[in-house]
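One line per chain: the protein sequences are A and B, in this order. Letter by letter, the first sequence follows residues 5 to 199 in my numbering. Letter by letter, the second sequence follows residues 5 to 199 in my numbering.
Since no wrong hints were added, every one of them can be taken at face value.
Short derived list, chain B residues pointing at chain A, Cβ under 7 Å:
{"id": "1", "residue": "Pro7"}
{"id": "2", "residue": "Asn10"}
{"id": "3", "residue": "Leu11"}
{"id": "4", "residue": "Gln14"}
{"id": "5", "residue": "Leu18"}
{"id": "6", "residue": "Arg28"}
{"id": "7", "residue": "Leu31"}
{"id": "8", "residue": "Val40"}
{"id": "9", "residue": "Met41"}
{"id": "10", "residue": "Pro43"}
{"id": "11", "residue": "Leu44"}
{"id": "12", "residue": "Ser49"}
{"id": "13", "residue": "Val51"}
{"id": "14", "residue": "Ala90"}
Worth flagging that the hints you see were computed from the coordinates, not collected in a lab. In this text, a Cβ means the ideal position worked out from N, Cα and C, and glycines have one as well.
2 protein chains.
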Amino acid sequence: MSPLENLIKQLSKLPGLGSRSARRAVLHMLKKKDTVMMPLIDAMSTVADNIQICSLCGNLSESQVCGICSDERRDRSTICVVEDIADLWAMERSGAYRGLYHVLGGTLSALDGVQPEDLKIEELVLRANSIDVKEIILALNATVEGAATIHYLTECLEPASVVVSKLAHGLPVGGELDYLDDGTLIAAVKARRVG
Amino acid sequence: MSPLENLIKQLSKLPGLGSRSARRAVLHMLKKKDTVMMPLIDAMSTVADNIQICSLCGNLSESQVCGICSDERRDRSTICVVEDIADLWAMERSGAYRGLYHVLGGTLSALDGVQPEDLKIEELVLRANSIDVKEIILALNATVEGAATIHYLTECLEPASVVVSKLAHGLPVGGELDYLDDGTLIAAVKARRVG
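Chain A with its partners taken away, still in its complex shape:
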């Protein structure tokens, strides 16, 4: 295989890139070698050499403990459980949360053969038993697998003396009733608030 074909093949392994878009990306890179290709190679090498998984929460980090876990200004009494790092980033972008995280590494799924021991559940229970922790927020996706995992985690966390909460369901901000699925609408009505 020629170097070009190999690069196209490697690039098309990335999610969201098929062989056509990988070809376009390669041509674009080569047209802008100095401004696109070389900085990209540098950035990838730097990340490959320096980024590791935080030993506490499972976030990506430049050191053994990530910036969030080592930030003294963050609320150490709350742990937000997310499915993967992308969800952690989404929470951080929203600015809605100032506590710590716990990346579960997936959700339970009989279909995909994901068992409790495949997820960081044991580590979560250990952290929940720490004296500092008062609340665990289960911020999992509102899918069947997410709901099953929330159910399982709630049971696992019962012995620990922590409040276990989950995200509210309801109307998305900017959402229109007419386009909303029935399940969400029912949840929004049930959780309606006065005033």
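Chain A is fixed; fit chain B onto it per the hints.
What follows is chain B alone, placed relative to chain A:
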């Protein structure tokens, strides 16, 4: 900027990748460091170090003259003029053509300020005057700019003793009349063939 943020920024410069898909790609890379990230870095470095522009046709090449230009089995009497390298690759994938190429580097466009001197037109006329060349196929996109460029090139090539042809317009294979634009349908009827 952190190494991760920088990588996401560099990746999202590629066509077809926004910041969301760049984030997903980075997470995927880091999850599969050995099978996705490291091979991709290697492939990019190899291409960056070894790939250059063919001095004859403008194709990408591992040497000064590309594999097509140096392939003795190809028909040296025909030159196919394409807008860019992606079009050359599309022609090669189709297997419809066994001659040489000439990458123009774009099409004339008053709107984008692309003038004849910005394209490899002088080089094309030089090649057309070579004793070997019998036919120039203008395989440009069927756009307004493509048509204007074909018109201009035809005039430039008039003094050279070569046949100047262009791609046929018509019904795409597998295409349905009902979904076809009028221009294509008119072209297909005009160019109808007996038998």
